[in-house]
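Number of protein chains: 2
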Amino acid sequence: MQSVLPKGNAIIGQSGGPTAVINQSLVGAVLALRGVTAVKKIIGMRHGVSGLVADQLVDLTRTPLKQLEALARTPAAALGSSRDKPDPEYCARIVQACRRNNVRYFFYIGGNDSSDTCRIVNEIANAQEFYQLRCFHIPKTIDNDLVLSDHTPGFPSAARFIATAFAADALDNASLPGVKINVVMGRHAGFLTGAAALARPAGRAGKDGPASGDHGPHLIYLPEVPLDPQRFLSDVERVYARLGRCQVAVSEGVQTEGGQPIVTTLAKGLDRDAHGNVQLSGVGALGDALADHVKKHLKNAGGKPVRVRADTFGYLQRCWPDVSPIDAREARGAARFAVRMAVKGELSGSVAITRAPGRVYKAAFKAVALADVAGKTRRMPPEFIQGHCDVSEAFVKWCRPLVGKLPEMARL
Amino acid sequence: MQSVLPKGNAIIGQSGGPTAVINQSLVGAVLALRGVTAVKKIIGMRHGVSGLVADQLVDLTRTPLKQLEALARTPAAALGSSRDKPDPEYCARIVQACRRNNVRYFFYIGGNDSSDTCRIVNEIANAQEFYQLRCFHIPKTIDNDLVLSDHTPGFPSAARFIATAFAADALDNASLPGVKINVVMGRHAGFLTGAAALARPAGRAGKDGPASGDHGPHLIYLPEVPLDPQRFLSDVERVYARLGRCQVAVSEGVQTEGGQPIVTTLAKGLDRDAHGNVQLSGVGALGDALADHVKKHLKNAGGKPVRVRADTFGYLQRCWPDVSPIDAREARGAARFAVRMAVKGELSGSVAITRAPGRVYKAAFKAVALADVAGKTRRMPPEFIQGHCDVSEAFVKWCRPLVGKLPEMARL
Chain A
22 MQSVLPKGNA
32 IIGQSGGPTA
42 VINQSLVGAV
52 LALRGVTAVK
62 KIIGMRHGVS
72 GLVADQLVDL
82 TRTPLKQLEA
92 LARTPAAALG
102 SSRDKPDPEY
112 CARIVQACRR
122 NNVRYFFYIG
132 GNDSSDTCRI
142 VNEIANAQEF
152 YQLRCFHIPK
162 TIDNDLVLSD
172 HTPGFPSAAR
182 FIATAFAADA
192 LDNASLPGVK
202 INVVMGRHAG
212 FLTGAAALAR
222 PAGRAGKDGP
232 ASGDHGPHLI
242 YLPEVPLDPQ
252 RFLSDVERVY
262 ARLGRCQVAV
272 SEGVQTEGGQ
282 PIVTTLAKGL
292 DRDAHGNVQL
302 SGVGALGDAL
312 ADHVKKHLKN
322 AGGKPVRVRA
332 DTFGYLQRCW
342 PDVSPIDARE
352 ARGAARFAVR
362 MAVKGELSGS
372 VAITRAPGRV
382 YKAAFKAVAL
392 ADVAGKTRRM
402 PPEFIQGHCD
412 VSEAFVKWCR
422 PLVGKLPEMA
432 RL
Chain B
22 MQSVLPKGNA
32 IIGQSGGPTA
42 VINQSLVGAV
52 LALRGVTAVK
62 KIIGMRHGVS
72 GLVADQLVDL
82 TRTPLKQLEA
92 LARTPAAALG
102 SSRDKPDPEY
112 CARIVQACRR
122 NNVRYFFYIG
132 GNDSSDTCRI
142 VNEIANAQEF
152 YQLRCFHIPK
162 TIDNDLVLSD
172 HTPGFPSAAR
182 FIATAFAADA
192 LDNASLPGVK
202 INVVMGRHAG
212 FLTGAAALAR
222 PAGRAGKDGP
232 ASGDHGPHLI
242 YLPEVPLDPQ
252 RFLSDVERVY
262 ARLGRCQVAV
272 SEGVQTEGGQ
282 PIVTTLAKGL
292 DRDAHGNVQL
302 SGVGALGDAL
312 ADHVKKHLKN
322 AGGKPVRVRA
332 DTFGYLQRCW
342 PDVSPIDARE
352 ARGAARFAVR
362 MAVKGELSGS
372 VAITRAPGRV
382 YKAAFKAVAL
392 ADVAGKTRRM
402 PPEFIQGHCD
412 VSEAFVKWCR
422 PLVGKLPEMA
432 RL
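Here the protein sequences line up with chains A and B, keeping their order. Positions in the first sequence are counted from 1; adding 21 to them yields our numbering. Positions in the second sequence are counted from 1; adding 21 to them yields our numbering.
Keep in mind the hints are simulated off the structure, nothing from the lab. Treat the hints with caution; some may be incorrect.
For chains that are exact copies, the list does not tell them apart, and a pair is met inside one copy or across any two.
Once the Cα atoms are required to be at most 20 Å apart in a straight line, the calculated EDC-like pairs of lysine to aspartate or glutamate come out as [unchecked claim]: (1) Lys426 with Asp343; (2) Lys320 with Asp80; (3) Lys418 with Asp76; (4) Lys426 with Asp108; (5) Lys418 with Glu429; (6) Lys418 with Asp108; (7) Lys397 with Asp105; (8) Lys106 with Glu414; (9) Lys320 with Asp171; (10) Lys397 with Asp80; (11) Lys365 with Glu429; (12) Lys320 with Asp343; (13) Lys383 with Asp108; (14) Lys106 with Asp249; (15) Lys325 with Asp249; (16) Lys426 with Glu144; (17) Lys426 with Glu414; (18) Lys383 with Glu278; (19) Lys387 with Asp76; (20) Lys325 with Asp105.
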């Protein structure tokens with residue numbers, strides 16, 4: 022089979038926000054490519070396609086196994102990442118750089134922007150005579166917003182961090198009671214914010230409706246459900262009146278009914294990234310604005326102001342090194358599967374993860390077309406959302422197996 | 022020996038900001054008290070002395086060992102904590118509540134405010150005829166700001182979180198380069214912020230002066246050294262020009278030359294706590310203000326604005342459940358030592374940790390007088406500080422053994 026494959030080099034890059042397991046995918050691809058006889062050199066791009074077009078490359082053909090395995094256990098993109106979102110002209114330069122380096126196999130680890138880059142690069146290369154370039158996308162995103170997949174490598178480890186953080190922080194907030202707002206990453210999709218519900222003891226989530234138990238988080242605000250500041254306030258008041266405290270999970274992407282990010286209505290002077298998006302991560306503005314909103318209006322039984330605090334969990338969500346074991350395995354497996362697609366003679370493609378129904382967790386990889394993933398965004402399905410401020414039991418059942426065994430926490 | 026001890030009940034409470042190991046101290050005290058024949062009941066105060074005076078008590082005399090051990094591994098104050106800082110009148114009510122409950126042994130787990138509460142309660146009880154109350158302070162603070170101790174239970178686990186967070190975040194920042202500012206807890210003492218230096222590979226810290234290596238953190242700002250916003254900017258510029266990125270550790274307590282918290286000069290509308298202190302935790306204002314300051318002035322080689330992000334690590338610093346093994350052991354040991362002081366017939370006291378000189382870590386507990394600890398604040402000694410924006414190698418040598426083995430992180 023391998024005899025019909027074009028002979029040449031393979032190149033691999035990492036793109037977008039790093040994750041705790043993105044290097045598992047890098048190492049999975051490199052090790053699998055070492056077994057492919059048609060592949061001569063295995064080249065890494067420094068900082069994704071921006072390094073490729075600038076000839077900032079690193080030879081991974083003979084990197085020692087021990088070093089690779091140490092890298093695999095290390096969070097963040099070992100090759101460096103890039104936020105570049107190439108247009109057709111940029112992609113033409115990528116194809117040129119690939120030709121220059123005799124690259125026949127192009128692997129790009131990233132989210133839906135990266136699969137779009139793969140798609141355009143593939144199209145441009147296909148249009149050129151006498152040059153074969155096969156392009157494969159290896160999925161990665163803590164946001165879990167790729168279509169056609171049950172979940173995405175990177176998400177389970179980030180969800181593990183969020184579940185652990187909310188469980189510990191809920192106990193902190195029970196120690197010194199007040200309103201505690203925690204802002205979670207996720208511009209469009211609420212999966213990661215929803216993972217906060219795993220902090221509740223197993224089997225409790227949504228049982229008697231949102232915020233019915235005394236375990237935090239008591240309120241969960243997703244970007245899929247419009248946030249009304251007035252209703253938000255009465256939600257917090259209701260929980261606070263019942264328990265004397267309230268732990269709130271808020272997605273950084275929460276929006277008004279009109280589709281405006283809440284933070285743009287509450288704070289000024291916000292950064293925009295290279296894609297023109299408002300900067301939601303790396304600033305505490307949303308948490309502080311919501312906390313101020315609660316402070317202004319909420320009083321305790323004695324008429325005194327209530328203790329209100331906000332934490333924005335920030336970049337630790339995507340780089341904390343205590344990863345989900347399933348995630349580490351799947352991130353490596355997805356890359357291996359992409360190499361296997363190439364070896365089978367596929368000309369391009371992406372990898373999806375599917376999950377078998379049943380009580381025991383069982384997942385498989387599936388080949389999908391680049392065009393079916395590229396640039397598309399998955400959001401929380403309605404059956405994962407309960408009311409306007411909680412996730413459903415179906416979400417919890419879906420999410421819990423992914424994160425691995427969480428630290429046990431006891432109460433008096 | 023125990024026959025001369027007053028017969029009655031023992032009471033124990035937790036105070037101030039919780040830590041990841043404060044329940045080890047609770048469990049250590051309860052288990053040790055079970056071996057004291059003069060002690061009839063072991064009572065827990067709900068939310069410290071505020072629960073005691075309101076008769077919100079919990080009987081721990083026969084709580085099952087298995088439950089206690091599970092609590093010991095759980096972060097945050099299992100009994101609930103309190104920020105009350107009792108004056109003599111409040112302390113008189115505490116003594117009354119102790120008499121009401123036939124308490125002869127009073128144990129309070131907390132920082133220097135809590136040792137002061139112990140001291141006042143002890144004085145008031147001593148002045149009363151026909152009532153013996155023996156008061157012991159069990160040290161706890163992530164700030165490490167208790168005098169007479171090499172370090173304080175709670176600090177090593179928080180330092181472990183900070184070292185892990187900076188190591189992972191440095192790789193994230195190397196993946197997508199920019200200026201990254203991380204704000205660390207610690208109002209007066211820079212020990213916890215300094216622990217960021219442990220994120221550098223062993224033996225590198227301060228070797229060739231501050232920020233000489235390429236590993237983050239590149240700049241460390243402590244509350245002990247005045248922060249000049251202009252100098253801060255040129256520090257960041259210097260590192261950014263050399264590496265194309267810069268990771269900064271900033272204590273929430275950084276001050277101007279005149280002793281004003283930097284945040285009060287940069288942001289408005291700040292909360293004050295029950296002690297009249299400006300709220301430094303639970304808001305992102307300082308990080309955002311410093312990030313804005315850098316954004317306004319720093320340009321990259323192409324004259325474009327630089328990517329600048331800030332994270333405020335928040336309450337996860339004190340409740341993250343991946344604790345330092347030494348810290349867990351010492352938090353329990355300090356409480357056991359306090360009970361041993363009581364059994365020996367001491368009338369009051371606090372516990373200090375001393376460390377033996379030498380390459381191998383070896384620590385011991387020592388009895389100290391309440392008045393010698395109460396209300397006093399330890400700051401970083403000059404030999405732990407290097408220049409205006411780093412810690413010294415002496416600090417790193419002091420700190421590294423405390424945090425336990427950190428996750429290994431590799432680079433290409």
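Worksheet item: Which hint numbers doesn't this structure obey?
Response: 2, 3, 4, 6, 8, 9, 10, 11, 12, 13, 14, 15, 16, 18, 19
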